[in-house]
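> Spelled out, the chains give:
Number of protein chains: 2
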Amino acid sequence: MPASEFSLIEQCFVSKARYQHKHTMITNGDDASVHNLPSNHELVVSTDTAVQGVHWPHDFPLEKAADRAVCAALSDLAAMGAEACWAWVSVVAESTEALQSMGQGVTDALNRYEVELSGGDTVHAPLNSLNITVAGILEKGTAMQRNKANIGDKVWFLGQAGLSALGLQQWLNGQKGGEFISHFSDVIPKIQQGRALRVLGVRCCIDVSDGIFQDANHIGKDSNILMELDVEKFPNWQSLSQELGAKKAMQVMLSGGEDYGLLFTAPAHTKGLNELATWVGVCLQGSGVKAQYKGEDVQLVKSGYDHFAV
Amino acid sequence: MPASEFSLIEQCFVSKARYQHKHTMITNGDDASVHNLPSNHELVVSTDTAVQGVHWPHDFPLEKAADRAVCAALSDLAAMGAEACWAWVSVVAESTEALQSMGQGVTDALNRYEVELSGGDTVHAPLNSLNITVAGILEKGTAMQRNKANIGDKVWFLGQAGLSALGLQQWLNGQKGGEFISHFSDVIPKIQQGRALRVLGVRCCIDVSDGIFQDANHIGKDSNILMELDVEKFPNWQSLSQELGAKKAMQVMLSGGEDYGLLFTAPAHTKGLNELATWVGVCLQGSGVKAQYKGEDVQLVKSGYDHFAV
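So the protein lines, in turn, are chains A and B. Its first residue numbered 1, the first sequence is counted upward by one per residue in our numbering. Its first residue numbered 1, the second sequence is counted upward by one per residue in our numbering.
If we strip away everything but chain A, and leave its shape as in the complex, we get:
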């Protein structure tokens, strides 16, 4: 007998999701979920959509694609320094099998990060996609933002850059076992690290989803500073430039998206950052971003992904 929508939701999602957050009053199965906040805390919310053929190739496993989508959404909470608590997941699936695969990926990722599945929606339509809304909490007034960089702040980077774009390129080239594939397929949201930075006093941070240059530019514009980055200081520059040559390495490192590292700024006197991240630049008077290599400005062909660009 074919399964109904409601039994599929139960089978693919609800029965596989393992966590219920202690501040949840009503979850999954009513018209809405109900939660409270611990005292002196704020709510942090972000939403992200991932579509087959746009965010992942048509022949990429759906389970992995769904796992990535959850992790990419959680990365936005990491960028704010929040503790991840809840997720609401909507899945558009072209078949029952596609729904099952995406359900597995979604619940795998939520369980790995101990995040509750608080609600969701499923739709049968001819284009596989997921929308993930995530929420977390943090102590009042401590959220890391894009507009809090100041002139004289040091710029730091936590993670790797460009490797996911190389992995995607390998996949598209048919090198399905390529050395960079895992950097594309396994998104690791820096949730613990984001919280640690916030506790150390960092107040300006972004997660690098669209490429370092484009995301650094958000901080530069929103904070009204010029972020100057030194290409050679990035943690994976040495290996990347040896493998690809300086010119291509620069391009990939600065414009390749979806590595989900954290780019942040902090006053020079901030303690404890050396253990977590790499110093890659400085905030100057001006607006936006520039990158330097051996003392010269880097010219990029393309600065990051832009939906709706022609």
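In case anyone wonders, no lab produced these hints; they're calculated from the structure. Among the hints, erroneous ones may be present.
Within a straight-line C-alpha distance of at most 30 angstroms, the following computed DSSO-like cross-link-like pairs (lysine-lysine) qualify [unchecked claim]:
#1 Lys176/A with Lys247/A
#2 Lys16/A with Lys221/B
#3 Lys22/A with Lys148/B
Based on these hints, arrange chain B on the given structure of chain A.
Chain B only, in chain A's frame:
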């Protein structure tokens, strides 16, 4: 010059959204939005996806489709009795024009109900769709749920039933100016009424999105009661049965979805409900739902919409 994704988000969404909620600390434009809750209140969250060709016909105006999607999501907050505060909106659009139309519909609906656009996402892909996540607040412990009906409770209905399904049918038949079209195109979430019911002490409610029979069954199963509905008591039964004949009217009224009325139960002594809603049935020992017409059980051909049903 073609507009970039970021300038389109600004143009189609951010610049048109008029409300900022007083409990919002950081909104739209950072990695996530940040909010606090008034003391003694809980957070209520729901998410809904609407896809072209599934939730609205391909030739239905996108602006109206987007407006409907927001209102359908808000209806879930109405069913809980919450005050609607915030929305996060993800739009998948096949063209810049489609994005603009959906942006207009989304912001029209949010502005009409004074709900803040707190964040979102846009994707360029070949199937128009929207995901709407909404959040509201209510006083601790007062949320209306599906599992709170008790034997002996009266069953009430607020709204109309079956008219949206008739409107959709008219649209599909080419009667674009038909008398029922507005019932499909203009979704009215019963937010004020939901709050009023909650304040009167109602604790069991659902919004009718999938058809009265299917949604009543959710209350019946979750509350472990048998909900007995009297077809002739429904507010628009007289006019509907005169127009369609009893058999078709019953079918449409009980299984036609998307009218977004509120179906709720309350102890017989509850005051003030007569002014807001119509008494349509009673909660008996048993589980699920049955409908009666002139003392006989009604047999339905189909009880509501089921994604993934074969």
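> Are Lys16/A and Lys221/B close enough, with their CA atoms no more than 30 angstroms apart?
22 angstroms, holds
> Tell me if the straight-line CA distance from Lys22/A to Lys148/B falls inside 30 angstroms.
22 angstroms, holds
> Can you confirm whether the C-alpha distance between Lys176/A and Lys247/A stays at or below 30 angstroms?
25 angstroms, holds
Checked against the numbered hints listed earlier, the structure breaks none of them; every hint is satisfied.
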